[in-house]
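A.B. asks: The residues making up each chain are set out below.
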Amino acid sequence: MSNLVVPRRSLMLGTAAAALVPAAAFAVTGPDVGKPAPAFTAVDSNGKSWSLADLKGKVVVLETTNHDCPYVRKHYNAKNMQTQQREAAAKGVVWLTVASSATGEQGYVTAQQANDLTKSRDAAPAAVLLDPKSQVARAYGATVTPHMYIIDANGVLVYKGGIDSIPSSDVADIPKAKQYVRIGLDEVLTGKPVADSSTRAYGCTLKYPKTST
Amino acid sequence: MSRLPAFLLGVLVVIATALPAFAQSVVQTDNVRAELLADVSAVKPGEPFWVGLRQTIRPKWHTYWKNPGESGLPTEITWTLPPGAKADPIVWPTPILFEIGGIINYGFKDESMLLVRITPPADLSGPLKLEAAANWLVCEDVCIPEEGKFELTLPSGTAATPAPPATRTLFEQARRNIPTESPWPARYGVAQSGDPTLVIDAKGLKPDTISNVYFFPAEWGPIATMVRQNATVDANGIRIPLKRGDAKTALPPLLAGTLVLTEKTADGTVKQAFDVSAKLDPAVANTTSLAGAAGSEELSLVQALLFALLGGLILNLMPCVFPVLAMKAAAFARLAGHDRAEMRRDGLAYTAGVLVSFAAMAAIVLAIRSAAGEVSWGFQFQSPIFSLLIAYLFFVVGLNLSGVFEVGNRLAGVGQGLVARGGTTGAFFTGVLAVIVATPCTAPFMAAALGFALAQPAPATVAVLLAMGLGLALPYLALSMTPALQRLMPRPGPWMDRLRQFLAFPMYASAVWMIWVLTQQTGADGVLYALGGMVLIAFAIWLLGAGSTASAGTWLRRGLAAVAVLLAFGVTLKLEDRPATAASASGSATGGVNFDGWERFSRARMAEAVAAGKPVFVDFTAAWCITCLVNERVALETAASRKAFEQAGVVKLKGDWTNRDPEITSVLKELGRAGVPLYLYWAPGAEKPKILPQVLTEAMILSELSSSEQTKR
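Here the protein sequences come in this chain order: A and B. Under the working numbering, the first sequence is numbered contiguously, ending at residue 213. Under the working numbering, the second sequence is numbered contiguously, ending at residue 713.
Keep in mind the hints are simulated off the structure, nothing from the lab. Any given hint could turn out to be false.
Unchecked claim - The following label-pair restraints were derived from C-beta to C-beta distances: (1) A:Ala111 <-> B:Leu306: 42 to 52 angstroms; (2) A:Asp170 <-> B:Pro155: 32 to 42 angstroms; (3) B:Ala458 <-> A:Gly104: 37 to 47 angstroms; (4) B:Gly126 <-> A:Asp170: 27 to 37 angstroms; (5) B:Glu111 <-> A:Ile183: 39 to 49 angstroms; (6) A:Ala39 <-> B:Leu474: 36 to 46 angstroms; (7) B:Glu76 <-> A:Pro31: 26 to 36 angstroms.
Here a beta-carbon is modelled for each residue, glycine too, at the ideal position from N, C-alpha and C.
Working from the sequences, and respecting the hints, build out all of it.
C.D. replies: Shown next, in the form of structure tokens:
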């Protein structure tokens, strides 16, 4: 019987196409590492506009956030996130925290709330971008908070994935985990390829606008 | 919302005070009630038993599978056990797919039970204390990590004591929800685009009975989490185009995951889940169709139309269309040097004729779809009748090409006059004729194409078919529009006849191959019927072609020819009646039904055994019936069931309905069944058999056998 299918396939190549459905339109699909990072423009909590195109020549980190997410809290409560933000700033890296929860969803913040959070958590990003329509998150295919991205000085995406290697909400796991972003940044800044360039991101599901799906 | 947890909490307090020993085995959080259960109430040292972490999840909330998908985390259990005791990894139930805000996850809703096998120490004395720390992530719109500490103390004794029936039922349900090991081998390969394709070598499946096929990859990384997978099912098995995941590592030599599908059986639908471990096989990518290589996922309608256009162009190479080609070429030769406008009109009219015919075909397809709901064409590839008819078709077309008779003139029938009329009307009907003449030759291919088109929304179906029509008409259209091309046309001449005669040979070869396919389906007798039928057809053609003007002779010849053709086609009835055994005995084609330990079913054997007062179990099965296969694996062929059958002295009969057996069909009909699976159990001395459910469990078989044992005593 197997022989039946072979000629059917080869003679039918044209018509078989009819069976093929376009990829599911609403799935979140992100860019690939090694490719140019998607462009974006967003306004930060102080009203300043940031555009990836303007950051050429600098290494950029994107960190999606939702301050009420237990996984985000894990890394802020343990000061892991803030420490890495300061380390990055000291090396000239532009660290952008992106508040991508849609308006009305958990983690949505106004400019004032974002600034208050930065203060109360003693955070040190270059800026907190307000992304209430989740446009930046969608462009990068972010699925969780925190979802981390590193873009090199040429605007190429060189890392996407988790902040570290142990997916848990337990603060005690942080010292044991491999800190992918810190290691990745070191590699980028010393001109090496990022060894773990795409890892599994873990955290809370990113709160995209409900109407969009 | 908040009342339910409060109520549950109240219940818990009551339970806690009533049964202090079990108090710590239940944890109630805001969103999940979790309980640690054991399938024994007393353990035997060294003898493994099962525990389950049962999670009752708040409505609309979810917990996660071992591969949680694009977000989420699987439940984790950390055990603290006495020295010498061992806990195996979690055995996961079959997950479901859910989507929140465009993010796809694999997990559980409402309730899940995570099973873990525990082996107590062999030197255990006194009770066994199990401590588990579990943590899980539970999400609706928001995600909350939760945790619980559980403690379960079980007394030990010289023999294990089963848990109370209510608990055993929970375990029974949980086991039913665990994927079974796949009965078929699986392979996967990677196309040039980098996207993998999974192939399940399940021969002989009935495509029209299988739906909702989805492969859950066991791990994040190699395979992307997809909203939908466009699996195709045919007689060779299941083919699932997947997407490469985000992990940058090489694809694993073994791709593990869970395959789910829904099978339509005579009594409704059954959801099945299999654990699949697919070997990396480069050959898989090589056999990927052109469409698949182009990245079947991303193929847009525009691309689909382009492929259809190409398909239409290829139809021009079909030998059947050749007579029309010749007519057309002759017409062009005639028209050469004529008015260019006339030529253009001619080409346009021909194109219109082709397109109208294809539109009519699309209308028929859509009408069938709306009338029959889901139409499937897969069946024809399993049917020996189909193989035979196609063999006849190839043969007849071959005879035509050899010049034994003229199809172009005969088939045209009504249209002939119109075609001969010439001019614009003639050209239009030549287009119609081209489609009509092309159709029988391309039927097997067209049928499959239409089958695929059927899966599309109506506008896409029409568009694809029209594109194909345009492809068929395109060469003439181009010729009539561009005089430069006309000059390149070879002059019609004797070479056309010679080419045509040559083309007969591929047709004969195709017929030979179809007969071989037929023998795979029916055994050696198929050759006799097929070749005999061909002789009859050739005879009929000869009769009709033999020149005689006497009307009586004409009628006689026509009558004889009709009888010969009827006989040739009557052979198909003979094929339908062929017993299944030929195919399943010859083996590989259908995958085969395993008769190991079973007798072949016959009504006489059943009656004899029943009359002798023996217990009789009858299993009606088929190689293409997935539910049957699963039942055999999980219920009928387990060590415990085999032993129980043997102890009870049951006569085990198996009826193989793979290729429809009249005797079995009649039994099914008597019992009001349209198909398999069907299980009959005659208790010793019973007057009537009991019909068991179509989804069996080992416990069901054991209890059925033991209850009849008791009545015997």
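A.B. asks: If a hint holds in the structure, say so; if it doesn't, say that too.
C.D. replies: Quick rundown of the hints versus the structure:
no.: 1; hint: A:Ala111 <-> B:Leu306: 42 to 52 angstroms; verdict: holds (50 angstroms)
no.: 2; hint: A:Asp170 <-> B:Pro155: 32 to 42 angstroms; verdict: holds (34 angstroms)
no.: 3; hint: B:Ala458 <-> A:Gly104: 37 to 47 angstroms; verdict: holds (38 angstroms)
no.: 4; hint: B:Gly126 <-> A:Asp170: 27 to 37 angstroms; verdict: holds (34 angstroms)
no.: 5; hint: B:Glu111 <-> A:Ile183: 39 to 49 angstroms; verdict: holds (41 angstroms)
no.: 6; hint: A:Ala39 <-> B:Leu474: 36 to 46 angstroms; verdict: holds (42 angstroms)
no.: 7; hint: B:Glu76 <-> A:Pro31: 26 to 36 angstroms; verdict: holds (31 angstroms)
Consistency note: the structure conflicts with none of the earlier hints.
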